[in-house]
Structures are given as C-alpha cells and as structure tokens.
Amino acid sequence: MSTAAVNVNRSLFKGLNLRQKTLLILGLTSFLLLAIVVSSLFIDNESLPTDFGSKNLSPSLEHPFGTDWMGRDMLTRTLKGLGLSIVIGALASLISAVLTVILGLLSSAGKAADSFVAWLVDLTLSIPHLLLIILISIGLGGGAQGVIIGVASTHWTSLTRIVRAEIKQLKTQDYIHISRNLGKSKWWIATKHILPHLIPQILLGTILMFPHAILHEASVTFLGFGLSPHEPAIGIILSESMRYLSAGYWWLAFFPGLSLLIVVLTFDLIGENLGKLMDPKNAHE
Amino acid sequence: MSLKGENISFGYKKNNLILNNVSISLDRGDVLGLIGDSGSGKSTLCKILAGYENNYQGKVSIDGKEVPKKGYNPVQLVFQHPEKSVNPKWKMKDILNEGSNISQDILDSFGIKKNWFNRWPNELSGGELQRFSLARALGPETRYLIADEITTMLDAITQAQIWNMVLDIVKERNIGVLVVSHEKNLIEKICHKVVYFKDINNVKHY
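Protein sequence lines correspond, in order, to chains S and G. According to our numbering, the first sequence holds residues 1 to 285 in order. According to our numbering, the second sequence holds residues 1001 to 1206 in order.
FYI, nobody ran anything at the bench for these hints, they're computed from the structure. Quick reminder that beta carbons are idealized off the backbone N, C-alpha and C, glycines included. There could be a bad hint or two in this list.
Residues from chain G that face chain S, not an exhaustive set, calculated with beta carbons under 7 Å [said to hold, decoys possible]:
hint: 1; residue: Y1052
hint: 2; residue: P1068
hint: 3; residue: G1071
hint: 4; residue: Y1072
hint: 5; residue: N1073
hint: 6; residue: F1079
hint: 7; residue: S1085
hint: 8; residue: V1086
hint: 9; residue: K1089
Sample of chain S residues facing chain G (criterion: CB under 8 Å; computed from the structure) [claimed, not checked]:
hint: 10; residue: A165
hint: 11; residue: Q169
hint: 12; residue: Q173
hint: 13; residue: D174
hint: 14; residue: Y175
hint: 15; residue: I178
hint: 16; residue: S179
hint: 17; residue: L182
hint: 18; residue: A190
hint: 19; residue: T191
hint: 20; residue: H193
hint: 21; residue: H197
Keeping only pairs whose Cα atoms sit at most 25 Å apart, straight-line, the calculated BS3-like set for lysine-lysine is [what the hints assert, rightly or not]:
hint: 22; chain 1: S; residue 1: K184; chain 2: G; residue 2: K1193
hint: 23; chain 1: S; residue 1: K168; chain 2: S; residue 2: K184
hint: 24; chain 1: S; residue 1: K276; chain 2: G; residue 2: K1084
hint: 25; chain 1: G; residue 1: K1093; chain 2: G; residue 2: K1004
hint: 26; chain 1: G; residue 1: K1059; chain 2: G; residue 2: K1198
hint: 27; chain 1: G; residue 1: K1070; chain 2: S; residue 2: K168
hint: 28; chain 1: G; residue 1: K1059; chain 2: G; residue 2: K1084
hint: 29; chain 1: G; residue 1: K1189; chain 2: G; residue 2: K1059
hint: 30; chain 1: G; residue 1: K1093; chain 2: S; residue 2: K171
hint: 31; chain 1: G; residue 1: K1193; chain 2: S; residue 2: K192
hint: 32; chain 1: G; residue 1: K1047; chain 2: S; residue 2: K184
hint: 33; chain 1: G; residue 1: K1089; chain 2: G; residue 2: K1004
hint: 34; chain 1: S; residue 1: K171; chain 2: G; residue 2: K1091
hint: 35; chain 1: S; residue 1: K186; chain 2: G; residue 2: K1070
hint: 36; chain 1: S; residue 1: K168; chain 2: G; residue 2: K1047
hint: 37; chain 1: G; residue 1: K1070; chain 2: S; residue 2: K171
hint: 38; chain 1: G; residue 1: K1198; chain 2: S; residue 2: K168
hint: 39; chain 1: G; residue 1: K1093; chain 2: S; residue 2: K186
hint: 40; chain 1: G; residue 1: K1059; chain 2: G; residue 2: K1004
If we strip away everything but chain G, and leave its shape as in the complex, we get (with noise of 0.2 Å):
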C-alpha cells in the first residue's frame, strides 16, 4: 500500500533538468518528511505526484498501478497560500464541500466555527482558509496527502494546532502524508522518517 514516484525527470526547457532520476515511495499511515533548499524542484515533484503536472518522464503509481487521470484523485495537495487555492467568488461552505461532503468529526477536530461557512474568502484569516483547505483535502476517498509547506506562512502556534490535528487525522484514517518543509525543527518533530532532497535527485545545480 504505498503511493510511487519511479525515475521521474521534468524540465521546463529541454537540456535544463529540474529533477532527474528521482524516485520516492510513501506508504499510508506514514509521516514522510521532504527537506530541501528553495527552488530546488520540491513543489514540482509535489505536483507531479499529484497529478497536476503531465510533461514528465517515469511513472507514478499507487500499489503498482496507474493513478487515475478522471474522478477524485486519491492524492491531495494542499499548497503554500491558502488564499489561492479559493475561488474568491464562492462562500466558505461551498468551497469545504466541493469535492465531498467534508463530515462533522473533521470540522470538530480542524476547530471550523459553522458560522464562518456563509462567509467570503477574503473575510476569513490565512490560517483559517488554511483549515478549510485541508478539511477539503481530507475527504473519505483521500489516501495520501501532500503538504507543500503548508504552515509556513502561519505563526508558531497556529503551526503546532494545525499539524496536531493533521496528524491525529492522519493516524485515524490510515493517510499517508508528504511533509514538504526547510524547517528541520518541524520535520524532525513530526516526520517518521526524513527525506534530503539533494540525496534523491541527481540534477548537478552547484
């Protein structure tokens, strides 16, 4: 039970290789831990894992077979900037319940007020979208997570509430999750197991 990523290169220009020959495995229930510098190809590889990127060579799978191109993708990414990854036209109820209907029990746990649900996304703080994003991300046919640094425009103390109740959402529902940070002291106090980017990708920047 385990999501693959095998040899995967991507370029934007051909010759110019942002990621060569990288393979990762994460398996569900487990808390991966990605650290690598700015710019390095972490995102990408977030994305490609996910499925939001196609141009790229290797394959991608989950328990060897093919993830789907159509219908609700088993892999979720969460991003950096909430406030983008909300239709600014639609209300906070609407966006929570786009790809599922998100269940109570996650609301409870990610501390979502009912009456925040008629508002308008510019209405609501960064780390209170953040919550919606994930909640959204999280629903039933979700197996694995990607997490693209997704506190890391959050205060200490909001950071510590959200990844308390990812991981405690996580450890329930068997979800494998993709920690994407530069923050060592995070990933070290989360993560199962840590991985260094420049460890698995062979592109020569420096």
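This is chain S alone, in the form it adopts within the complex (with noise of 0.2 Å):
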C-alpha cells in the first residue's frame, strides 16, 4: 500500500481501534452488496423501456452507464445483472458449503471414506474447471438452473481439501488424545473439539467461494453455455457490448465489468476483515 493511501486510512479511521474498523468495514460492504441485490428485486422489464430515440448515448448525468442500442439505461441493466450474479453465487457457495461438511466429516468417518473423498477430490480437479461447468450446465439444459448446479457442484473441492487436512491434523493433537482419556466419547470430540476450529474455514472459505462462483457464472454466461440472452445477465451485457465495442461504444462494456470487479472485490474484502475478527490469535485483542 503506498503511503497516500495510508494516510488516508489513518484520516479515515482515527480514533477507531482495529476491531472497530474492521466491523465498520464490514457492514458498509454488507450493506452495499446487500443494496445491489434489494434494489434488483424491484427492477423489471418495464423499468428497461426500449427507447429508439435514446439509442447509444453516452454516460451523461441523465444515464451515468449510458445506454445501449435499443435505448436501455445501463445502470439499470447493470444492477438488475449483478443481483442476479449475486444471487446465484449465494446458492452456489452455500450448496458447496454444504458439500464440504459432508464430505469433510465422510473423510474424518475412516480410511476407505477419506480415500474415496481424497479421490472424488481428485477426479473433480483433472477437470478443468471451466469445461466441467459448461458439461454440467449443458447436461442439466442450461438456463439459470444448470448454471446454478454447474458452479455450485465444481467449487467445493479447494475447500474439502482443506478441511480435510485441517481435521487429520487435528486429530493428532495431544489435548484430542486427552479428552479421549478423560472419557469423551467419539461425537463428543468431533463437536466440542474439532467443530470449532473448523467453522471459521467453512465460513470464510464459503465467503471467498462468491467471487469465484460469480466470475464462472459471468464466464460461462459470456461463452453463451449458461444463461439464456434475454437474462440480464453481466456475463450476456458484456458479450453482447463485445459486438459494439469496436463502434467506439466504450461504455457498454467499460461499466459493467467495473461493476462485477467492484462487487468481486467487495467480497474478498468481507472474506479478509472476517478472517481478522475470527482468528483466534487476534480475536480476543
């Protein structure tokens, strides 16, 4: 970080410890994402009138994303595409979420369990990713549902693995051996024990999957194998500016993408400032 931007932290947050910052940083993107996703809920086709009149013009205070070539105000388009992305990104990482814990406690179950987890881990990765969503999604027939299965069925794998290694480790630690002597039952470990070390993973893995959940949608959508045109989606905005873009209409393109980064990098803000407040070195500063 340059020093600029120091300062400028250090104006921004005077007088603020770090656990307030944190929080204070994590409800405004909170609440901006969760603003992005209310506020798409109320767009519908009548608030994107077709308008020939107002076809192609560029951002001006009355339309700050511009307009495309059937005159449709592409903030509006923008927002309406981004609730989607996020939506269908809170589906997949919370169905992968899911997948994760189940397979994390199969492989904790016994060895034929963790090798048949590392192995499905295993298959589910000499797969490139991308090609394996468009499969799925084609399989299922496309539309918001196949993309949907697509992107939540392939993004569990990463964070498996790291439970997966979390709990081996776990299990080799004196204090499990001792709670075992002290006369603690199986179940009893695996709840009071290993539970807790394990949900703040889950949760800022089932965090940081959002970005990666929604750029694949929006990739896959783009390639023309997820959502079908008349969906708002980023992924059908920006393909669809691609045929413009050579016209020297910037803004159709330009916006849109700014916005998808804006909101990916939103959540990796929310996934580092969560990480802050839950790790235990630091949590009880």
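With the hints as a guide, bring the two chains together.
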C-alpha cells in the first residue's frame, strides 16, 4: 500500500481501533452488496423500456452508464445483472459449503471413506474447471438452474481439501487424546473440540467462494453456455457489448465490467476482514 | 493394587523395535522414577501405559484386569508441553473441568486462581497451564498418574513448587505416580524407587 493510501486510511478511521475498523468495513461492504440485490429485485422489464430515440448514448447525468443499442439504461441493466449474479453466487457457495461439510465429516469417519473423498476431489480437479461447469450446465439443459448446479457442484474441492487436512491435523493433537482418556466419546470430541476449529475455515471459505462462483457464472454466460440471452446477466451484457466495442461504444463493456470487479473485490474485502475477526490469535484482543 | 505393563514390545516399523519386552509395575501410593536417554522410548512406554497407543504387543493391566477402552481412564498421562495439551479455542474453566469437576481443594493446593478461569490458554504462562493440566488429570477417578517430563521446561523454583503440590495430593489420595525425567537429582529427591530405562528395555541400539 502506498503512503498516500495509508494516510487516507488513517485519517478516515481516526479514533477507531482495529476491531471497530474491521466491523465498519464489514458493515459498509455488506450494505453495498445487500443494496445491489434488493434494488435489483425492484427492477422488472417495465423499468427497462426500449427507446430507440435515445439509443447508444454515451454516459451522462441522466444515464450515468450510458444506454445500449435499444435505448435501455445501462445502469439499470447492470444493477439487475449484478443482483442475479450475487444470488447465483450465494446459492452456489452455500451448496458447496454443505457439500464440503458432509465430505469433510465423511473423510474423518475411516480410511476407506477418506480415500474415497480424496479420490473424488482428485477426479473433480482433473477436469478443467470451466469445461466441467459448461458440461454440467449443458447436461442439465442450461438456464439458471443448469448454471447454479454446475457452479455449485464444482467449487467444493479446495475447501474440502482444507477441511480434510485440518481434521487430520487436529486428530493428532495432544488435547484430543487427553479428551478421549478423560472418557469423552467420538461424537463429543468431534463437536466440542474439532468443530470450533473448522467453523471459521468453512465460513471464510464460503465467502471467498462467492467471487469465484460469480466470475465463473459470468464467464460461462459470456461464452454462451449459461443463462439464456433474455436474462439481464452480467455475462450476457458483456458478450453483447463485445459486438459494439469496435464501433466506439466503450461504456457498454466498461461500466458493467467495472461493477463486476467491484462486487468481486467487495466479497474479498469481507472475507479478509471476517478472517481478522475470527483468527483465534487476535479474536480476543 | 498396581498398574502393570508386562512384556511390552513396540516399534513404528517392523524389525526396528523401540521397546522390546519391557515390564514395569507401579503400585498405588508409590512414586516411581524412570530415568533414560532422549529418544530411548520412555514417552512411548508412557503412552502405551495410558492407553494412547494400540498397536503394541504385551499386556497392560490394573489389578490383573485390562484397562477399560471407553470411559474415564484411571491412568492419566500429563505431557511435557502444556500448551499443546489444551485446546486453544477453549476457556480455562472448560479445559479444567473437561473430565470431571475438579474440587476446590485441588485448585487451592495448585494455587489456581479464580480470575484465570475466563482467560484463553495463550494468556497464561507455561507454568500456569501445567498446573491446569495436572489439576485436570487429577480427577476423582484417577488412580495412577504418569508424569512425562512435566517440569522439564520450567525454572527450578516453579519445578519445586509443582512437585510439592503433586506429591501432597498423591499422598493424600493414594495415587501411584510414574515420574519420567532425565534429571537424576530431581528423581532422587522425590521418588521412593528408581528404575533405569536401559535396564528394563532389551533393545540393543548402541
């Protein structure tokens, strides 16, 4: 970080300690994302009137993101698209997290189950990720359902690996052995000793999965294998605008792309700050 | 009334035994010292006696009966590093009372203060944590205590304090203690009997 940024940071958060600062950032970013989702819910097709009298306008005060070749306001379209992307990302990461927990617990059940989980992870990772999403999405008939299932069923691998390794490492800890010697059952140890160590990992992993899922959804849609063209997804907007870029209509790709980037970075920021809050070493400072 | 390990053999690899035909016996109320070199297998023997290790040959028994695999183990092992034997995500009062509710007498004799209870393990020193580990291991059902170099990392004064407390409690409760250490002086001072590990282990390393 440059010194200017540090200075801004300092004066912006004057008088706040690290915890308050983290909570503030978390609150602001969550509010931004929530606002995008909620506002996109209120946008229906009537808010996107086709108006050939104002087509291909460059950004102005009336249309901050410009208009497209059918005269639709790009800001409204982008908001709608982002809302859809975030919802798909949320669904996909939630399903992935559930899969991770199930597979993580399965891997701790025994040697055969553990090899099975490891094999499943390797199998999924051995196919190029984007290709796998496209295959699943097409296999399920495309559309929102296909994309969600495709993105959800391919993102659990890295988190499962982390959780599996964490469980393995925890099981060799002295305090786990001591707990067993103090007469505690396997289930008791799993819920009281092991789970508290896994919850931060799973929560953080899920949140950091969001940007991946959103980007994959957008790229699959951009390539034309995802959502159908009449849905206002970011991927659709971007792939449509490609045709107009050479004609100098730069705002069609620039603003939606920038907004996607901001949403992705916002999720990263949330993950990072949540990590700061939950790290056992500084959680109680 | 004794904890017996008979003809115990153990190795992580075949043809490379760490323990060969080791027999050891600890009576209740006894304080038995075990002296041996680093890496000679003392800790492994401790783990086997306390039921931490399963793939060994031989027999561990209490009064002729096998040690129960489930439930509270009457043989409790205390390790050298207290910071590893506590869950860093638990508060001290939960750690202390994990096995059973530890009586106020034990807390008093170990000098464990009530205001430590709401702290996290990384806010206490090694000596303080080791007191918690010992108090936790001395629940009402404990009959034998295996102390695997429990004071090695502490300074001389804390060592003396902790051993005085432990010896008082085990005397009162008639608990058998196996004291494992390199330090001859310590063992000679506190133990009724001393065993040299190389005399009971039949592995020819050297």
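Okay, the hints, checked on the actual structure:
Because the closest C-beta pair between G/Y1052 and chain S is about 5 Å apart, less than 7 Å, the hint holds. The beta carbon of G/P1068 comes no nearer than 9 Å to any beta carbon in chain S, farther than 7 Å, and the hint placing it at the interface is violated. Annotation: interface hint on G/G1071 holds; nearest CB of chain S at approximately 5 Å, less than 7 Å. Annotation: interface hint on G/Y1072 holds; nearest CB of chain S at approximately 4 Å, less than 7 Å.
With a least beta-carbon distance of about 5 Å to chain S, the hint placing G/N1073 at the interface is held under the 7 Å criterion. Of the supplied interface hints, the one on G/F1079 holds, with its beta-carbon coming within about 6 Å of a beta-carbon of chain S, less than 7 Å. Below 7 Å, beta-carbon pairs count as interface contacts, and G/S1085 has one with chain S at about 4 Å; its hint therefore holds. Here the hint on G/V1086 is kept, as its CB sits about 6 Å from the closest CB of chain S, short of 7 Å.
Checking G/K1089 against chain S: minimum C-beta separation of about 5 Å stays under 7 Å; hint holds. Contact between S/A165 and chain G, as hinted, is not supported at the beta carbon level, the nearest pair being about 18 Å apart and thus beyond 8 Å. A distance limit of 8 Å between C-beta atoms decides the matter here; for S/Q169 the minimum to chain G is near 12 Å, and the interface restraint is violated. Taking 8 Å as the C-beta contact cut-off toward chain G, the hint placing S/Q173 at the interface holds, the least distance being around 7 Å.
Restraint check, S/D174 versus chain G: the minimum CB separation of about 4 Å is within 8 Å; hint holds. Checking S/Y175 against chain G by beta carbon gives a least distance of about 5 Å; that is within 8 Å, so the hint holds. A least Cβ separation of about 6 Å between S/I178 and chain G falls short of the 8 Å threshold, and the interface hint therefore holds. Restraint check, S/S179 versus chain G: the minimum CB separation of about 6 Å is within 8 Å; hint holds.
Because the smallest distance between the Cβ of S/L182 and any Cβ of chain G comes to about 3 Å, under 8 Å, the interface hint for this residue holds. Restraint check, S/A190 versus chain G: the minimum CB separation of about 13 Å is more than 8 Å; hint violated. Hint on S/T191 is violated. Least Cβ distance to chain G is approximately 13 Å, over the 8 Å limit. The beta carbon of S/H193 comes within 6 Å of a beta carbon in chain G, closer than 8 Å, and the hint placing it at the interface holds.
Annotation: interface hint on S/H197 holds; nearest CB of chain G at approximately 6 Å, less than 8 Å. For the proposed pair S/K184 and G/K1193, the alpha carbon gap of about 34 Å is over 25 Å, so the pair is violated. Taken as a hint, the S/K168 and S/K184 pair is honoured in the structure, with Cα atoms around 19 Å apart against an allowance of 25 Å. Only pairs whose Cα atoms come within 25 Å are accepted, and S/K276 paired with G/K1084 is accepted, the gap being roughly 23 Å.
Using a Cα cut-off of 25 Å, the hinted pair G/K1093 and G/K1004 is violated, with the two alpha carbons roughly 33 Å apart. Simply put, G/K1059 and G/K1198 have alpha-carbon atoms about 20 Å apart, close enough for the 25 Å limit, and the pair holds. A hinted pair counts as satisfied when its Cα atoms are at most 25 Å apart, and G/K1070 with S/K168 qualifies at roughly 22 Å. Taking the CA atoms of G/K1059 and G/K1084, the gap is about 28 Å. The hint is violated against a cut of 25 Å.
For the suggested pair G/K1189 and G/K1059, the alpha carbons sit about 31 Å apart, so the restraint of at most 25 Å is broken. Under the criterion of a C-alpha separation no larger than 25 Å, the hint pairing G/K1093 with S/K171 is consistent with the structure, at around 22 Å. The hinted pair formed by G/K1193 and S/K192 fails the criterion: a straight-line CA distance of about 40 Å is larger than 25 Å. Taking the CA atoms of G/K1047 and S/K184, the gap is about 18 Å. The hint holds against a cut of 25 Å.
Restraint check: the Cα-Cα separation between G/K1089 and G/K1004 comes to about 36 Å, which exceeds 25 Å; the hinted pair is violated. A C-alpha spacing of about 20 Å is found between S/K171 and G/K1091, which places the hinted pair at or below 25 Å, so the restraint holds. At roughly 10 Å between alpha-carbon atoms, S/K186 and G/K1070 fall within 25 Å of each other, so this suggested pair holds. With a C-alpha separation of about 20 Å, the suggested pair S/K168 and G/K1047 falls inside the 25 Å cut-off, and the hint holds.
For the proposed pair G/K1070 and S/K171, the alpha carbon gap of about 18 Å is at most 25 Å, so the pair holds. Simply put, G/K1198 and S/K168 have alpha-carbon atoms about 35 Å apart, too far for the 25 Å limit, and the pair is violated. As the CA atoms of G/K1093 and S/K186 are separated by approximately 22 Å, the hinted pair is consistent with the 25 Å bound. The hinted pair formed by G/K1059 and G/K1004 meets the criterion: a straight-line CA distance of about 8 Å does not exceed 25 Å.
Violated hints for the displayed structure, listed by number in ascending order: 2, 10, 11, 18, 19, 22, 25, 28, 29, 31, 33, 38.
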